[in-house]
Amino acid sequence: MKPSAETKPRWALVVDLDRCTGCQACVVACHAENNVPVAGESLTAYGRWMHWIIIDRYWEGEYPNVKARFMPVMCQQCGEAPCEPVCPVFATYHNPEGLNAQIYNRCIGTRFCGNACPYKVRTFNWFRPEFPEPLTEQLNPDVSVRSRGIMEKCTFCIQRIRSVEMKARAEGRAPADGEIQPACVQTCPPGALLFGDLNDPASRVSQLARSHRSFRLLDELGTDPAVIYLKGGETNV
Amino acid sequence: MSDSATATPESQYTERVLLTERKDWEINQAVLQPMIQTGRRFWVLVAGLTAVVTWGVFAWGYLVYWGIGVTGKNRPVYWTLFITTFVFWIGISHAGTMISAVLRLLKADWRRPITRGAEAMTAFALMMAGLYPLIHLGRVWKFYWMIPYPNNRLMWPNFQSPLMWDLVAISTYLIGSTLYLYLALIPDMAMARDHTGGLRYKLYRALALGWRGTEAEWHKLHRALGIFSIAIIPIFLSVHSIVSWDFAVTVQPRWHSTIFAPYFVVGAIYSGLSALATILVLVRKGMRLQEFLRSEHFDALGKLVMVAGLGWIYFWFAGFLVEWYGNEPVVRELIRQEVSGPLAPLFYLQMSANLIPVALLAFRKVRTTPRLLLGVTLLVNVGMYTERLLIVIGSLQRNDIPFNWGTYRPTWVEISIVAMTFAGFALLYTLFSRIVPYVPVWEIKEGRLRYTLRRIGRLLVPTAAEIE
Numbered sequence: 001m002k003p004s005a006e007t008k009p010r011w012a013l014v015v016d017l018d019r020c021t022g023c024q025a026c027v028v029a030c031h032a033e034n035n036v037p038v039a040g041e042s043l044t045a046y047g048r049w050m051h052w053i054i055i056d057r058y059w060e061g062e063y064p065n066v067k068a069r070f071m072p073v074m075c076q077q078c079g080e081a082p083c084e085p086v087c088p089v090f091a092t093y094h095n096p097e098g099l100n101a102q103i104y105n106r107c108i109g110t111r112f113c114g115n116a117c118p119y120k121v122r123t124f125n126w127f128r129p130e131f132p133e134p135l136t137e138q139l140n141p142d143v144s145v146r147s148r149g150i151m152e153k154c155t156f157c158i159q160r161i162r163s164v165e166m167k168a169r170a171e172g173r174a175p176a177d178g179e180i181q182p183a184c185v186q187t188c189p190p191g192a193l194l195f196g197d198l199n200d201p202a203s204r205v206s207q208l209a210r211s212h213r214s215f216r217l218l219d220e221l222g223t224d225p226a227v228i229y230l231k232g233g234e235t236n237v
Numbered sequence: 001m002s003d004s005a006t007a008t009p010e011s012q013y014t015e016r017v018l019l020t021e022r023k024d025w026e027i028n029q030a031v032l033q034p035m036i037q038t039g040r041r042f043w044v045l046v047a048g049l050t051a052v053v054t055w056g057v058f059a060w061g062y063l064v065y066w067g068i069g070v071t072g073k074n075r076p077v078y079w080t081l082f083i084t085t086f087v088f089w090i091g092i093s094h095a096g097t098m099i100s101a102v103l104r105l106l107k108a109d110w111r112r113p114i115t116r117g118a119e120a121m122t123a124f125a126l127m128m129a130g131l132y133p134l135i136h137l138g139r140v141w142k143f144y145w146m147i148p149y150p151n152n153r154l155m156w157p158n159f160q161s162p163l164m165w166d167l168v169a170i171s172t173y174l175i176g177s178t179l180y181l182y183l184a185l186i187p188d189m190a191m192a193r194d195h196t197g198g199l200r201y202k203l204y205r206a207l208a209l210g211w212r213g214t215e216a217e218w219h220k221l222h223r224a225l226g227i228f229s230i231a232i233i234p235i236f237l238s239v240h241s242i243v244s245w246d247f248a249v250t251v252q253p254r255w256h257s258t259i260f261a262p263y264f265v266v267g268a269i270y271s272g273l274s275a276l277a278t279i280l281v282l283v284r285k286g287m288r289l290q291e292f293l294r295s296e297h298f299d300a301l302g303k304l305v306m307v308a309g310l311g312w313i314y315f316w317f318a319g320f321l322v323e324w325y326g327n328e329p330v331v332r333e334l335i336r337q338e339v340s341g342p343l344a345p346l347f348y349l350q351m352s353a354n355l356i357p358v359a360l361l362a363f364r365k366v367r368t369t370p371r372l373l374l375g376v377t378l379l380v381n382v383g384m385y386t387e388r389l390l391i392v393i394g395s396l397q398r399n400d401i402p403f404n405w406g407t408y409r410p411t412w413v414e415i416s417i418v419a420m421t422f423a424g425f426a427l428l429y430t431l432f433s434r435i436v437p438y439v440p441v442w443e444i445k446e447g448r449l450r451y452t453l454r455r456i457g458r459l460l461v462p463t464a465a466e467i468e
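So the protein lines, in turn, are chains A and B.
First residue of the first sequence? That's 1 in this note's numbering, and the numbers climb one at a time after it.
First residue of the second sequence? That's 1 in this note's numbering, and the numbers climb one at a time after it.
By construction, these hints were calculated from the structure, which means they are not laboratory data.
One thing to keep in mind: the hints can contain errors.
Said to hold, decoys possible - On the chain A side, residues computed to face chain B include the following (Cβ under 7 Å):
#1 VAL86
#2 PRO88
#3 ILE108
#4 TRP126
#5 ARG148
#6 ILE150
All C-beta atoms, glycine included, are put in the ideal place defined by N, C-alpha and C.
Construct the entire structure; sequences and hints are all you get.
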């Protein structure tokens with residue numbers, strides 16, 4: 001292990017599929033927090049939604065014994081991200097905390113990262129994003145509003161991570177476990193989402209990651225995702 | 001000689017010694033006249049092509065103004081007709097060098113009248129291909145961020161990205177093939193300079209670089225062409241390999257394949273040689289070059305197309321078998337889509353349009369009858385275009401997470417821009433054929449020296465000399 005691994009965090013998100021009800025509150029919170037434009041009905045139907053979190057919904061069984069299963073899929077913040085090496089202009093790159101940073105202003109829109117991503121969680125600004133009045137009043141000043149023609153994706157609310165880190169540093173301490181809350185985690189009504197540092201073995205996230213229920217999406221591709229799912233049982237609606 | 005197998009000795013030599021009877025000035029005139037005398041049909045053609053190009057440029061402007069959303073792309077189908085057509089044009093560009101450099105090195109004589117047409121095809125197809133990496137960008141006005149130069153952003157491009165390899169390979173190939181085209185053009189520019197007046201004279205005088213045809217000049221030209229012929233072969237192999245790696249380096253099912261590089265190269269040669277045959281048939285008719293582009297040339301070219309086609313079938317099968325046998329869930333779904341799903345019409349079009357020509361080209365009659373050859377080679381390129389459609393768009397519609405599966409529908413903007421490059425290629429090629437001698441006159445004259453009929457006693461014997 002690199003010496004920096006002790007001091008540098010490895011941010012991770014735990015998604016408890018037993019608790020997820022598929023209510024999409026996280027999606028709405030994410031839209032509001034990250035200035036994600038709303039695509040509208042017809043574009044969404046054509047696969048041009050801009051959600052940074054996609055609630056995958058699968059039907060199991062035949063009518064009348066049908067079950068819906070929900071799985072929120074956001075950028076998995078891979079340790080070995082397939083999207084990173086293919087970008088010709090370093091618009092997506094690996095930051096020291098293991099996050100896939102997306103630098104909007106560098107992006108020229110080749111969409112290669114979108115093809116390379118096996119989770120297909122990267123979204124593209126097909127048109128100039130529009131925020132009809134009065135939505136402009138609630139744009140988050142900490143997040144840049146993207147232009148058309150560039151890729152974007154879940155950042156684990158890096159602006160919130162930074163703000164907590166700065167506050168903690170000013171107070172001469174490390175961020176406490178659970179102090180950093182991305183918008184989706186803060187919003188999730190059943191508490192299915194949990195954010196924390198995997199490099200801290202005592203954190204809630206680390207403990208849950210060691211659970212026998214934990215798995216990572218498409219782990220066999222070797223992408224080393226930082227999103228950890230906890231298997232759901234038969235409790236889904 | 002690769003082309004001596006099926007032809008009877010008599011017909012072969014009759015064909016070859018045909019031009020030996022002609023004087024130098026007759027050949028010069030036969031090549032120059034169609035350039036200078038252009039009929040009404042030529043201008044109608046130029047006007048039509050210009051109209052299509054203009055419409056395409058408008059569509060491109062519309063795309064830049066409104067954004068990539070006016071195309072049919074969506075998530076997960078981020079690359080569509082633009083990248084498909086990009087791969088197609090890169091493929092077309094391969095035959096020029098293949099014919100010219102490889103056959104020049106092998107000293108295959110039948111290449112002589114068709115090298116110029118092939119090299120021009122390479123250059124123009126590359127120009128069309130080179131437009132697509134720009135057209136498909138979300139922010140085309142920032143394209144120069146991909147170019148490695150010291151800049152105020154203090155950023156180099158990412159040389160890990162296959163798109164950067166593309167940029168390097170394609171620009172190298174474009175520069176190399178244009179220089180190669182121009183080198184072989186110099187003596188003919190001098191010939192044209194000596195037989196024209198006015199504006200054309202001024203143009204040819206500038207382009208001929210003061211060529212006088214001295215022994216030293218010829219020596220240098222042959223040396224340079226020899227060096228270029230060898231140097232350009234690794235470039236032409238690398239370009240399409242790199243294009244294939246745009247796909248193969250990702251973990252996208254059906255793209256992630258080690259066979260892609262040779263498969264793409266062989267497919268490129270197959271489609272490129274076919275396009276060359278198509279163009280030669282059309283130009284021969286349009287410019288009345290029947291005397292220079294004869295059945296022996298079409299015969300040899302047809303055989304090459306057939307061999308490339310067999311190679312394509314082998315590589316396609318080698319890739320398909322392993323994917324089918326591997327039976328991975330998403331690949332299984334993609335194969336099901338092709339064999340019996342919504343992509344089936346395209347799949348069977350691809351297979352029949354690529355396989356039937358190989359069988360037809362086995363017949364000498366098909367190879368030597370221009371009309372039949374035209375139909376067959378057009379069919380090959382329909383098949384090869386469909387193949388790229390299936391690879392680029394077909395594969396992207398499915399991925400590892402079924403909830404993210406999607407369907408793509410093209411829009412008028414995409415189709416207009418694709419039509420723009422087809423018309424643009426034809427336009428550039430048409431204009432080129434009126435400005436530059438389409439048949440390399442000096443190569444023909446040189447080749448003519450090789451074959452003569454000598455009388456030995458009462459016998460008339462065709463002889464072949466060994467020349468560079």
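Item to check | Structure versus earlier hints - violations, ascending order | outcome: Per hint list: zero violations.
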